[in-house]
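> Protein chains in written order, with numbering that gives the first Met the number 0: chain X, 0 to 533; chain B, 0 to 258.
Just so you know, these hints were derived from the structure itself, not from any lab. Some hints could be false.
Unchecked claim - DSBU-like, lysine-lysine: derived pairs with alpha carbons at most 30 Å apart: (1) 121/B x 9/B; (2) 87/B x 490/X; (3) 297/X x 80/X; (4) 57/B x 484/X; (5) 8/B x 191/X; (6) 38/B x 490/X; (7) 9/B x 223/B; (8) 191/X x 51/B; (9) 87/B x 223/B; (10) 9/B x 490/X; (11) 210/B x 223/B; (12) 157/X x 191/X; (13) 490/X x 223/B.
Every value quoted in this text rests on a predicted model; they were computed, and no experiment measured them.
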Amino acid sequence: MNHKKLLNLTFWRVVLLVIFVGGIYSSVLRFAGGLGNSTALSDEFPWGLWVGFDVLCGVALAAGGFTISAVVYIFNIERFKPIIRPTILTAFLGYLLVIVGLLFDLGQPLRIWHPLVMWNPHSVMFEVAWCVMFYTAVLFLEFSPMLFERLRLGRPLKIIHAITIPLVIVGVILSMLHQSSLGSLYLIVPAKLHPLWYSPLLPIFFFVSALALGCAMTIFESFLSYRAFGKRLELGLLSELGKVIVVVLSVYLVLRLQDLAGRNALGLVLQSSYESRMYLAEVLMGIVGPVLLLLIPKVRNSHSGLFVASVLVVLGFIMNRLNVSITGMEASAGRSYFPTWTELSVTLMIVAAGFLMFGLAVKYLPVFPPEVKPGQALQEGSREMVPNFFPEPLLLGSKAVLATGALIVFTAVSLSYSGLRYRSVSLQGVAEQARMVDIMNALNYYQMVPDIVFAQAESSPGKVVLRHSTHVDSAQPNCTICHSKTFRILKDPHSKGASVMSVDMHDEQRCGSCHNGQRAFSVKDDCTLCHSSQ
Amino acid sequence: MGIATFNQKKKKGILFDSTRCIGCGACYEACKERNHLPKTVENFLEDELSDKTYSTVKSRNGHFVRRFCMHCEVPTCASVCPVAALEKTELGPVVYHSDRCIGCRYCVQACPFNIPKYEWTKRAPLVRKCDLCAERLAAGLPTACAEVCPTGATTFGDRDFLIGEAHHRIRSSPGRYLDQIYGLEEVGGTDVLLLADISFESLGLRTDLSKQPLPLLTWNVLQKIPNFVTVGGVLLGGIWWITNRRDEVRLAERRTQKP
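Use the sequences and the hints to build the structure in full.
So this is what it looks like as structure tokens:
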């Protein structure tokens, strides 16, 4: 068994290494080549995976942290205390990763501090920036006791304990602001975001769904931590979180359906379009599926049931954020977006870094309550209680749950896959027509541009007057033939009177570019054609 | 040429009359020249707005129509910018302070007219768009595009004068124009106004925009924050005080009961 475990670890190490090598290579491409060369972003699609996943989903990782700390410290419900540290750690790491993601996504990452000193309180992004900075600081303070305990630093630990309550209150408020503000970001694009997702309630949707995700991530992590380190949380606590998820998601579902109905957009769900399929897949996987599963006490009280349901919540949540940021914007952008491998591998690297840091923290810091000792749980092998998912996942009791979960995911995937076939890119506005424009009427307003008398150089055989009337096709004037590469079109505010041409007027850059004997008579022909004899 | 009045203190604007446009490209070239932009295409009618082109001329349904920044009265781009890199100036131009920009591209995402463009291929990219020749305006000059327009299709002047002029044109030649000025009310009004004799939609303009300035949508939420923070803080503090007190009392009672 030891041998097997060693192999296992090596396997994951190799995977990590591959991800990091790919991610670092992509980082080089991104920072050396610019956003345009390394991403699928464009003027039509300025926000892609890094905003939709790294930022929108990364921030939501913190939801568990503020919910549980409010429950424990503000409402004094002490039995949730064992969950606090893993959720705070997740939140802290989530925010660190969001900052890393932002450094990749911002066009000018070195100016990331600008919002601190350059204010625009009318901007949601300004609020987002401030929340990121402040809540990262707060989360660090909330996380610091784990460090201080490990380092046996008594004094700072005391200080932190003394300010715990104000810290938690600030954290809860900042976090509520931040979760909702990410939804508010999209309030300003009513004409661009598809009506299935655009809603005046977006800030509330983002906040409520983040609550569910926070609980789901806590369950999810707890199982992964058990897998990796034999550290786990009590099943009772986790199934209580499952109950919370049911309540939160039900409220969320009702709100979203009511909102759709209120905006007369409910019919859009049943249209078989790309968007409707993505919407259905999201709601099925992220809301309906987990609620139905968790409503069954047997499922809620089993490890596999909780695990499957929490995975569904997480996947559905990610899909929601990507639908808002990508799917819902495609029709109005007039083009589809799919991330490049560089975008994907950077994101993968950030996620992997998150797992790695979480793992290291769990290993070296007092994150989980000390009751369950590492190794002990594995040896005692409470196998009936904790299924060993990856090598041999199908325990008798959980077969049905796993199958249901797989079915839900399969349905969601096939829904969105079939939706993709409907993804037709129709350009906004009116297609350009080959029809000639009738300018007869407009030409009535046309004023022939005055003649230009060029100053005469000493060697010149005579004065030159440029007559616009002999150079412009009065039936279809086109100024771009001579302007502005060959001749300036704007008046030179510094010169009085006519523009003065340099000596190279005969060469191919100036008059000679047309007067070359082919398009018009050559400048080397009869001088008097242009130079007056006086 | 395309220059009307000039009162140094009044808000400026542009009136584009698509029925007068002959598609000569003078405005396109003047813009390129003024902004020192490189040549991008052979036929200017095929050019699109980009970081190298701030003003285009398009042929749509037998008409020419210009596209460039509308210089909104309440600009969405300026409202969404977290560092106030975009600013609505008193004379009208929405200008860009490139030294502030962090490159979040929220302006590109939010603009209802899809005007701001990004320098995607640069290592230190900036946002690019028409600035209504702000420094020319300050010097008492018209925009470059208006200076060169040979038909008066692009007219520069005080915004209120241009609105009067537009109404005058509509009234004085009945049947020639749609009785509509695009930009008068769209997203709260723009300093660029358009006249046409076919629907603005068929010219490629969005006609589904609300009359309400878009920044109100987010400001309605943002202005609640100070209240939310104070009320929320007090509420949470209060709840903590109650639950904490309850526990203290319970402990104290237990202590008194024991002996």
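> Decide, hint by hint, whether the structure agrees.
Results of checking the hints against the structure:
1. 121/B x 9/B: Not OK: residue 121/B and residue 9/B at ~38 Å, beyond 30 Å, violated.
2. 87/B x 490/X: holds (27 Å)
3. 297/X x 80/X: holds (25 Å)
4. 57/B x 484/X: holds (21 Å)
5. 8/B x 191/X: This hinted pair is violated, its Cα atoms lying about 36 Å apart.
6. 38/B x 490/X: holds (20 Å)
7. 9/B x 223/B: Not OK: residue 9/B and residue 223/B at ~34 Å, beyond 30 Å, violated.
8. 191/X x 51/B: holds (24 Å)
9. 87/B x 223/B: Between residue 87/B and residue 223/B the Cα gap is close to 24 Å, so the pair holds against 30 Å.
10. 9/B x 490/X: holds (24 Å)
11. 210/B x 223/B: The given pair, whose Cα atoms are some 23 Å apart, holds under the 30 Å limit.
12. 157/X x 191/X: Status violated; Cα separation ~51 Å.
13. 490/X x 223/B: Distance of about 51 Å is beyond 30 Å: violated.
Comparing the model with each numbered hint stated earlier shows that hints 1, 5, 7, 12 and 13 do not hold.
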